[in-house]
Amino acid sequence: MASYEQGRSQALPGASLPLEKELESGDASLSLAAVTVPDEGMYKCVVRYGLQQHQGQTTLHLHAMLAASSPAVSSMRV
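Residue 77 in numbering that gives the first Met the number 0 sits at position 78 of the sequence shown, with consecutive numbering throughout.
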């Protein structure tokens, strides 16, 4: 959840909001850093300005690759 109201912004850790200047030019983007599989899903954006309201939504799909570990090598002396 992130919000920007009357010059003050608030966002959850790992999320960042655009600067006030960017909002004034119509950029209401939200950036997420270090996303993980639980972050996958639908995101909805609602922008209210005066009596106007605009909304949109997008879905974040993550494709993760598992890191292969090297097999353990052991030696045994007889």
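One or more hints might be untrue.
Derived DEER-like restraints, expressed as beta-carbon distance ranges [to be verified]:
no., residue 1, residue 2, range
1, T57, E23, 33 to 39 angstroms
2, P12, H60, 21 to 27 angstroms
3, R7, Q54, 18 to 24 angstroms
Simulated from the structure, these hints should not be mistaken for lab results. A virtual CB, placed ideally from N, CA and C, is assigned to each residue, including glycine.
We went through each hint and held it up to the structure:
A beta carbon spacing of about 23 angstroms between T57 and E23 contradicts the range 33 to 39 angstroms that was offered as a hint. Between P12 and H60 the C-beta distance comes to about 22 angstroms, which sits within the given range of 21 to 27 angstroms. The supplied range of 18 to 24 angstroms is met by R7 and Q54, whose beta-carbon atoms lie about 21 angstroms from each other.
Going down the numbered hints, you'll see the structure goes against just number 1.
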